[in-house]
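**Student:** Between the sequences and the hints, there should be enough to build the whole structure, so can you do that?
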Amino acid sequence: MSPVAEGQTKGKDAKDMQEYKFTVSSSPHVRCNETIPKIMWNVVAALVPAAAFGVFYFGMNALVNIFVAIVSAVIFEYLWEKMMHKKITIQDGSAVITGLLLAMTCPPTLPWWMSIVGSFLAIVVCKQSMGGLGYNLFNPAHVGRAGLMVSWPVAMTTWTSLNGTVDAVASATPLNVLKHNGHDALLSMFGGDPMTMYQQMFIGFRNGSMGETSTVLLVLGGLYLIYKGYVNWQVPVTMIATVGILMWIVGGIPLGTGLFSGDPLFHMMAGGLVIGAFFMATDMVTAPITLKGQIIFALGCGLITVLIRLVGGYPEGVCYSILLMNALTPLIDRLVKPRVFGAVKAKGAK
Amino acid sequence: MMKSFIGGVHPDDGKIYAKDKAIETLAVPEEVVIPMSQHFGAPCTPTVKVGDHVKKGQLIGTSDAFLHADIHASTSGDVIKVAPMPHNMMVKCMSVVIKSDGLDEWADGLPEEHDWNQLNSKEIIDLIKKAGVVGCGGATFPAHVKLTPNKPVDVFIVNGAECEPYLTADYRGMLECSDRLVTGVQICMKALGVQTGYIGVEDNKPEAVKVLQEAFKGVDGVSVEALPTKYPQGAEKMLIKAVTGREVEPGGLPMNVGCVVSNVGTVLAIADAVCHGIPFIERITTVTGDCIKEPKNLLVRIGTSYQACVDYCGGFSKQPDRVISGGPMMGLAQFSLDVPIAKGASGITCLSAEKCEVGEESPCIRCGRCVVACPMGLIPSQLSIFSERSAWEKCMEYGVMNCVECGSCVYTCPAKRNIVQYIRNAKGQCKALQAAAKAKTEAQKAKAEPSLKDTIKRM
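One line per chain: the protein sequences are A and B, in this order.
Residue 137 in my numbering is what sits at position 137 of the first sequence, and the numbering runs on without skipping anything.
Residue 1032 in my numbering is what sits at position 32 of the second sequence, and the numbering runs on without skipping anything.
Chain A stretches covered by chain B per the calculated footprint, using a threshold of three residues with CB under 8 angstroms from any CB of chain B: (1) 35 to 46; (2) 124 to 136; (3) 330 to 342.
I should point out that these hints are in silico values taken from the structure, not numbers from a laboratory.
For every residue, glycine included, the Cβ atom is placed at its ideal position computed from N, Cα and C.
**Tutor:** Structure (structure tokens):
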């Protein structure tokens, strides 16, 4: 084992070196294979089952609205970036998510052109005017929805039951009925049996926004994102549990049944809570960056949702609760930071 | 649950290429280029001139500075050049070029056998200093300085984590030189006067754990710890945390928590230096990557060119995009193979373009993956944004100086942001700012109040 260095003459060295050119860069030289488009398209995939259920349950108008919202969101993003001479980023999937989420949180009977207005508010006003993906302070889809809500409150709260078993008559969402007509009226919507109500709500056979009704499909989509590591499970769990626990404690008060008489199961599945908790409170851009911050954020979302549902003017408050907490995100990020390695805990030192 | 630290990432460890290749000795090249700066500290000044004949192990460079490590000839021959030559870290560095006479003769009195049991702490340290041993992991801190901490220490830790992907030099060293490692550890513990020793090894090297557990069976106070495979497990502070549970405070040194950490290669060099008086003139280095025809672990003389190492391994099998001095996470990309192996050269990693695809950088989407990955508990994304905006004060407020530049944040970033590169820039700027601020306050102080001496004189 005494290899000799004779093969390596100077001349050969020089020749070899000219053959190869190396890239010089600062370390690290390897990257993981995760990309923004990959994350975004996975979120889209996680939303598709619940959206498909919406189309199946609410019919063609839901499909038209979802389609219009997505296409218009992508077109607005493209046009803005073209106008501003920015890099076109429509292929990253983020505009698709915005359009899809916007449609899924609006009533199925919404006139299609309103979806376009909502997309404009979401993409142009909320997202691009602040600098595009990564810079927006508020969840774009929810800004679009909130804008539509204040502009066309009637259209945004007209819930036509398109369920084949019921005539296509204007009726209300379960939360609406509970707020204005009480618990018995709510139960009678589902034939008077609580178990039937839970079952129907779990599967998604109820009035509501296009994509928010199917609890089971939304949870499955959410579990997929948790499995992929794009969502911290603590966020949806905290938000939904906060609503459930608080509703159990104080949910009965407006109904006159006192403390600890609320219906947590109903409230956890009603309205836009599940879609909000899994897909909007977990939006990376608009939620705090640390896990601790995210849990505080989710707790706040749950709390505000309960407040609005019980004492607010609207029957539902998920959208506003998330938008309000979005506003607090920079503050939470400033206050909640990870502990620097080796730094002594302040209280222990004193 | 195995002992570890919070954070970290799991890059492809790439050990498969060279893991099972026994250490081979590379023949002494015709010419060695020995840089005068191969250590953390003041560069050495050559003590030989062109035309001198030198022998293997002879001192050829030294310095008056406290923080330096002597440099020795790695073979016998004539000095044909003393001039700045290409260097893997500094582009160019004053170097001594020796043309081998093919005899490879030891300098007078070498090797010099010692029974380390008979030596006291000071004698051990002197031998290590004389041999010019430095940390082999890459930081190249002079070993004799590290082994004379000015604070009481009670634990000596051998860093066998080798968390840097692709590199297997330490792994082979642990497998094949476990006897010397045992001696080295005992010597270091004696020099430090400590009773407790640990060898931390990542659990992707189960054979090494087994071999070492066997080798250290009869040695009191030393335990071999299998640690979870997670980058940067081998970072000094992370290793101390994993093994002892102690945390070095921000800006602090391991000795502040009573620990001294040395790399496997360093301990082997210490064993040679103390037992045989052999200076640090050769080391184990890994030549690996997907572009190397036959990846190998080599025992090479200091001053051998990268070219010679790559040629010995059959050359390139395909066009390498990067040739990295060290591993892919913290190594330095080279633009030429015309650089010498120095004391800190743990490996030459040659990667193809698809292995080190960077991707296009886009704005941060605040996903928080870097926050989870950061072993130091920083918010890398925020630091990179502050650095982009030249908000240096903000960078300092967010603890930029604590960054160990492990690159975990960059590895994990889906937006492909060059976070650690921004942070390096910020650290440089912040250091300059701090220095300027210090100079300013001192100047003001000197101006405002006359020195005590002046006051006394006037009285």
